[in-house]
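There are 2 protein chains.
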Amino acid sequence: MYNVTVPEFKRSLLTLKGILVKAGAFLAEKKIEDSVLLNARLALDQFSFVKQVQITCDNAKGTAGRLAGVELPKMEDNEETLKALEERIDKTIAFLDTLQPEQFEGSEEREIPIYFMPGKMLYGLEYLNTMGLANFYFHLTTAYSILRHNGMNIGKADYMGQVEFHDEKK
Amino acid sequence: MYNVTVPEFKRSLLTLKGILVKAGAFLAEKKIEDSVLLNARLALDQFSFVKQVQITCDNAKGTAGRLAGVELPKMEDNEETLKALEERIDKTIAFLDTLQPEQFEGSEEREIPIYFMPGKMLYGLEYLNTMGLANFYFHLTTAYSILRHNGMNIGKADYMGQVEFHDEKK
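Here the protein sequences come in this chain order: A and B. The first sequence: position 117 = 148 (our numbering), numbered continuously. The second sequence: position 86 = 117 (our numbering), numbered continuously.
Honestly, the hints are just simulated from the structure, not real lab data. One should not assume that every hint holds.
The list treats identical chains as one, so a pair stands whether inside a single copy or across any two.
[To be verified] Taking lysine-lysine pairs in the BS3-like style, the calculated list, with each CA pair at most 25 Å apart, reads: (1) K200 to K41; (2) K122 to K151; (3) K114 to K200; (4) K200 to K151; (5) K187 to K151; (6) K122 to K61; (7) K105 to K61; (8) K41 to K122; (9) K187 to K82; (10) K41 to K151; (11) K187 to K53; (12) K53 to K151; (13) K41 to K62; (14) K53 to K200; (15) K151 to K62.
All values reported here derive from a predicted model rather than from experimental measurement.
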């Protein structure tokens, strides 16, 4: 449970941070305020870019933290710049770094209360699949898509981030 | 490894199928040909909707099949209608249904050759995280985003699909 959450959340968040740095350069080149991007969205009734990044961080924090059974650090949703969003990512990664693999032992079976549905819960494995990973990647991809749709020159490799391939042994 | 792939891929593919059915009704109401949607994209240099759905299916098939160590069924990329894409989903689910949990035992350590990088491989767990889940959700979310961006009335609940919550025990 640790292996499919903490290391991959960290890797993906660092990838997202790299994309935010590129987005900053893109905005600077076009002399566009951060707020324009932070308020961009793909549909009028959809969360804006800033919210997509905040929720991506919260999904990483919440999924890993709840499975580990620890209290979640509170983070204010008050970012108004790309730099502030980068710091949110740093804070989220710092929290992930406090979690140890042992804390995830048996978490497949742990009861995870669903905070927006009082009285309801999912078992850890169900929670990981349906709420955790599915939501994390949903908001990460949507943040990326908003940038793509607005003409930023990024590609799939920017989303995939750093992957260390090995040589085949045979 | 089975538990974070096969059941969740199936659940998500059924969710995607439900979205395709809704998309069919949306197009019918507006008297728009399937081909218009199948060629829609969020950016000119991005894969179109039909390709996003095909790759979502292929990621489910490839990730689960490679981890299980079985040969992958070949599927032609020749869908021209939403109905044909629904059938592709059905075929993918039928393949997933042939996989047994025992086949995934030890797959964390299995060497998975990377077909587009001859001579390179990832260990099963690395492959699952970086290529498998990250790609599956990427293309699933992008298909959804193309529909959202084109004004289709779907929301996060359509992406999340069916989740069976339990009553808290305390």
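Using 25 Å as the alpha-carbon threshold, which applies to K41 and K62: within, between, both, or neither? neither (31 Å within a copy, 45 Å between copies)
When no copy is specified for K122 and K151, does a C-alpha distance of 25 Å or less occur within a copy, between copies, both, or neither? Close neither inside one copy (29 Å) nor across copies (34 Å); limit 25 Å.
Treating 25 Å as the Cα threshold, decide for K187 and K53: within, between, both or neither. within (14 Å within a copy, 28 Å between copies)
For K41 and K122, with the copy left unspecified, which applies at a CA distance of at most 25 Å: within, between, both, or neither? within (11 Å within a copy, 34 Å between copies)
How would you classify K187 and K82 at a CA-CA limit of 25 Å: within, between, both, or neither? both (22 Å within a copy, 14 Å between copies)
Within a copy, between copies, both or neither: which one fits K41 and K151 at a CA-CA cutoff of 25 Å? between (29 Å within a copy, 24 Å between copies)
State whether the alpha carbon distance between K200 and K41 is at most 25 Å within one copy, between copies, both, or neither. neither (28 Å within a copy, 33 Å between copies)
Between copies, within a copy, both or neither: which fits K53 and K200 at Cα up to 25 Å? neither (36 Å within a copy, 47 Å between copies)
K53 and K151: within-copy, between-copy, both or neither at 25 Å Cα: Classified as neither: same-chain Cα gap 41 Å, cross-chain 29 Å, threshold 25 Å.
With 25 Å as the alpha-carbon cut-off, assign the pair K187 and K151 to within, between, both or neither. Classified as between; 19 Å across copies, 37 Å inside a copy.
Intra- versus inter-copy proximity for K61 and K105 (alpha-carbon distance at most 25 Å): neither (35 Å within a copy, 45 Å between copies)
With 25 Å as the alpha-carbon cut-off, assign the pair K200 and K151 to within, between, both or neither. Classified as between: cross-chain Cα gap 9 Å, same-chain 48 Å, threshold 25 Å.
The earlier numbered hints that this structure contradicts are 1, 2, 3, 6, 7, 12, 13, 14, 15.
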